[in-house]
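With chain A's structure known, arrange chain B on it following the hints.
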Amino acid sequence: MFSQSRLAASAAALLAIAAVVGCTKKDEAAAPEPVAAVAKPEFKVCWTIYAGWMPWEYGGTQGIVSKWADKYGIDIDVVQINDYVESINQYTAGAFDGCTMTNMDALTIPAAGGVDSTALVVGDFSNGNDGIVLKGSGKSLADLKGLPVNLVELSVSHYLLARGLETVGLAERDLQVVNTSDADIVAAFATPDVKAAVTWNPLLAEITAMSDTTQVFDSSQIPGEIIDLMVVNTATLAAHPELGKALTGAWYEIMSIMSADSDAGVAARTHMAQASGTDLAGYEAQLAATRMFYQPADALAFVTSAELPATMEKVAAFSFTHGLLGEGAADAGAVGMAYPGDITTGNAENIKLRYTDTFLKLAVDGAL
Amino acid sequence: MRLINQIPARGARLSLAALPFLLLLLAYAFGSSQRLADNPDDKLLPSAGQMADAVGRMAFAEDPRSGDVLWWKDTGASLQRLALGLSISAVLGLVLGVAAGAVPLLGAPLTPVVTVVSMIPPLAVLPILFIVFGLGELAKVMLIIVGVAPCIARDIEGHARQIPREMLIKAQTLGANTWTVILRVVLPQLMPRLLISLRLLLGSAWLFLISAEAIASTDGLGYRIFLMRRYLAMDVILPYVAWITLLAWLMDLGLRRTSLLLFPWFDDGRRA
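Protein chains in written order, with this note's numbering: chain A, 1 to 368; chain B, 1001 to 1272.
The following block holds chain A by itself, in its conformation from the complex:
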């Protein structure tokens, strides 16, 4: 009697299973194709709008990335994602082989999620691009006491606030953190309820441009602690070092174009300015607050410096006290990190975030 309808129901359910399982399957693009051996391996990297990541947009649309990909016999697709956190989540879930993110997010999202990740391109660090702003003139950081502070909770803004408060002997419990999405923070700042905000450029520029505001602290006071990276899956990179070579090569070609004091340099910066929704002057103001590593030697010096492990330990401590390392984390060292020269911090048995100098050395030697 009803066996037919039961059959139909089972069939529908099986389809549902197939759909769900299909979605949850990890992206196999990284694995070498055994059948189509002639086909080029394909890779996908994602980026979001930020002064230090606009070069990826330029390299993607101007064909620089594909030129380098061709050189190493692979395909690289450069994809823009509108939502920053979503882009990292997509990378963590396996939809992309690489993605742009800050050092703190690289530690707390993919690395804490068990995805072994390598900071392939250390592009820059924020040198004033992130700031704390209070309403009223002549204010200081200590005036934050007792105020609500609007920011994207658990982001680098939150980290910047915590570092700032340390310098004036305040703690987070002396004020009230209000989670506010980055998309809404500029509009929110215009309302009377908001007394203070922490955010990054270009939003920071919008807020400080409003009348009667004081920027009381910014990332130039903690130089080198908010680092902007292109993070690539470590297993993919180990199987396909040509991906690392192509991305590194493309990056430094873009760097040399955009840093040039020539027409081509201005054209490149204008292109990036427009793609990030500002003009040349606005973009150059943001670049001025960004310590770009235009030369591979600068980046090499930075990733091999003794300050980098110290910085990452601070970031790990902040992340641990805010519960960002996951509940399995016993202490701030739960997620281990590796640096050039066999230096590690945290649990050496559980290294999930790696800084590497392999490709940088090739770039410095001009061997890419």
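Keep in mind the hints are simulated off the structure, nothing from the lab.
Because the structure is a prediction, the values reported are computed rather than measured.
Using N, Cα and C, we set each Cβ at its ideal position, and we do this for glycine too.
One or more hints might be untrue.
Per label pair, the in silico range of CB-to-CB distance [to be verified]:
#1 B:1091 to A:331: 51 to 57 Å
#2 B:1091 to A:147: 31 to 37 Å
#3 B:1069 to A:265: 34 to 40 Å
#4 A:82 to B:1158: 35 to 41 Å
#5 A:261 to B:1138: 52 to 58 Å
Here is chain B on its own, set in the frame of chain A:
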């Protein structure tokens, strides 16, 4: 026998009803165990045990930083906003809808403006709502009201217009004035409609609540979900989503029971 004439027996119907849920759970468990076998730290599809741990932490242990039990604090904050927003919307929608639907002189100015306002997507004009209502509790409740009240008003107005003219005339021949007609003839027929309208708009109300909490907040179910999303803590997010679904279902059930209790003559209350 044709397919459309085959009616499953009671037992078969129950097992057929349970089947999709079971299969979904099974598919989830399969996907989850596969991902976890690949990477034991995977956060995307946590196992049932991981989610149970997260619930234990959120619902039965104090948060080390604030000393609050987050689950209940979030639930209390959200339910308070929702209750406030929905009850104000219900009163406002009922008053506007009855006025526009039963009194033509009021309907002439009200109907067009309510129709147009109900078409404005509240989330698209959020920055304006911020400036007008601020960023505090008021703004969160107002977002629900702006989103829900015009829809209730339009629904009530439409049903008010459908009350047979003869009924209104009969009441008047029996000596009722406008106020009595509204109070004794129109309102009793619209009250169960209001409950149905509320039930249908519960989903939207939750949507507006969660959006409001995502914008600027220090507590609430939507706030927690958006915060946890920042580091992909699906072991907390999924139980929260299940909890919201349960709360919404209970609210729907409550409204249905209320309708049955207060308006037993109203057939839709029983059938729906």
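Inset, instruction - Go through the numbered hints given earlier and state which of them the structure violates, listing their numbers in rising order. - result: Of the numbered hints given earlier, the structure breaks just one, which is hint 3.
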